[in-house]
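Chain order of the listed sequences is A and B. Everything in the first sequence is counted per this note's numbering, starting at 921 for the first residue and increasing by one. Everything in the second sequence is counted per this note's numbering, starting at 921 for the first residue and increasing by one.
Hints may be right or wrong, so weigh each one.
[Unchecked claim] Selected chain B positions facing chain A (Cβ under 10 angstroms, derived; list incomplete):
| # | residue |
| --- | --- |
| 1 | G1059 |
| 2 | V1107 |
| 3 | F1141 |
| 4 | I1195 |
| 5 | K1205 |
[Said to hold, decoys possible] Derived pair list, reagent style DMTMM-like, types lysine to aspartate or glutamate, alpha-carbon separation capped at 25 angstroms:
| # | chain 1 | residue 1 | chain 2 | residue 2 |
| --- | --- | --- | --- | --- |
| 6 | A | K1171 | B | E1190 |
| 7 | A | K1191 | A | E1201 |
| 8 | B | K1191 | A | E968 |
| 9 | A | K1185 | B | D1164 |
In short, the hints are calculated from the structure, not lab data. On a predicted model such as this, the values are computed, not experimentally measured, just so you know. Built from N, CA and C at the ideal position, the CB exists for glycine as well.
Protein chains: 2
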Amino acid sequence: MQKKIKKLAIIGVGLIGGSFGLACREKGLAESVWGCSRKKSNLLKAMERGLIDKYTLDLEEAVTDADVVMLALPVDSIIKMGEKIAPFLGENTIVTDAGSAKESIVNSLEKILPNGGRFVGGHPIAGTEQSGPEAAVPGLFRGRHCILTPTKNTDSQAMELLKNLWEETGAMVSCMEPEKHDRLLAVISHLPHMAAYALVNAVAKNEGEFPGIFTYTAGGFKDFSRIASSSPGMWKEICLQNGDAILQAIKGFHASLSEVSDAIKAGDGEKIQQIFTGAKEIRDKL
Amino acid sequence: MQKKIKKLAIIGVGLIGGSFGLACREKGLAESVWGCSRKKSNLLKAMERGLIDKYTLDLEEAVTDADVVMLALPVDSIIKMGEKIAPFLGENTIVTDAGSAKESIVNSLEKILPNGGRFVGGHPIAGTEQSGPEAAVPGLFRGRHCILTPTKNTDSQAMELLKNLWEETGAMVSCMEPEKHDRLLAVISHLPHMAAYALVNAVAKNEGEFPGIFTYTAGGFKDFSRIASSSPGMWKEICLQNGDAILQAIKGFHASLSEVSDAIKAGDGEKIQQIFTGAKEIRDKL
């Protein structure tokens, strides 16, 4: 059982930050859960929905005397936020984040923060195409993986506390080097998003010949393309931060697609069926 | 209002055939709805679920004196079935199918059947990854497109009757040349399936480095890959029958993916965001 912390400060009260606050409040993991955001309307929504106990627009007030600061922000804002809060952080404050790309964030924040060893990169794999405090839900992390990315500099006590905190929210915590995390996420999450965006665009290129082409699409296409509704701005930043690993993942996908094309070109029914069966067997186990 | 037909014979009582029978029975469109299959167990299930009124394992009994024969079979079985039933068909029997690739089926059946003009190719765009009579549901076709593919040889009365029949099931009927249908379907349906199978395989290639990689996948991947659960055998046949159009569609998808890669390689955030925003705007309208 996690020892109750006194003050948890969540910067950014959207889907992830809001759901994290909610989980911590429901489990009584902190005496007070503070929310901080540039947008007062988001903080009021988060209060109304019970995601946080207290709110402030002032970063200094938010992080002063906090035991844990969670940076639940888009990946391109996390490092900048680290710079902003650094002057107000105590020596013992643990800082963590929930960004989908870890290497550059971990490298930078270990240097920027006053006690870099008490920064632990984190990433709960629980996003949806929704965002904002209205999207926060209880149990978002239950049964989901949360990857922490400690380095040789990481304070083991900070690491332990965060591990327990995430486990209390119901997440399955695993540890991985930041670079390895980024390659894993490029394959399992970033690639499917790239594929979904590209698929919608590939279909759209046929609109000239087939006006209203999207009205003909059935359930398969709709499911497949749902994640193309995700925030373009957020995904742009993930692409910029994790470009190399994403390019590698896209390359692997091109190769798998070409395997299908080659088999079709050769009219090799056996090979086609073998490719499809392999995929189906994996998918059916999920 | 459709004039009631006397005998409707459905060969193949799976998802599509079964749902068609159910819709026709619910709307009272035929005095009797016969089901025929090689598998007695499927026919009994179809009877039990009220998808058909009568069943037979005998093709001759099924199609004799039928006003309409629906071939609701995998694409590779449709032409062969046409050959089998041809000797038992009356001059006035209308024959149709529900296959996802039309050109080769239409060309062949117009020649094989005793009255080729009374064959009208059809395709309700309403598949799911499910199959079999247990997957049949009422209203499967409601609000969905059904494409009919008449040719210069098609009897206009047969065409009219089928159009009305499909409209009574709730489908939106449109007409298209078989070859055009095949190119449309390659893009909106066959391509997403190829992409889903290829994506699952691309991820699987990383299992060596990341054991249990599929346990890390989140909702996005699961939605995206759902259609990779579709029948490999059925999709193999679609690939063999509609290979050229599918290859063309995959080529277009490679190009859209490369657009994403190129923008990431160039670190061109503006271009990345533009690509994603274009896709999101289209997807959000679906």
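Do the hints match the structure? See the list:
no.	hint	result
1	G1059	violated, 14 angstroms
2	V1107	holds, 5 angstroms
3	F1141	holds, 5 angstroms
4	I1195	holds, 6 angstroms
5	K1205	holds, 7 angstroms
6	A:K1171 <-> B:E1190	holds, 22 angstroms
7	A:K1191 <-> A:E1201	holds, 15 angstroms
8	B:K1191 <-> A:E968	violated, 38 angstroms
9	A:K1185 <-> B:D1164	holds, 8 angstroms
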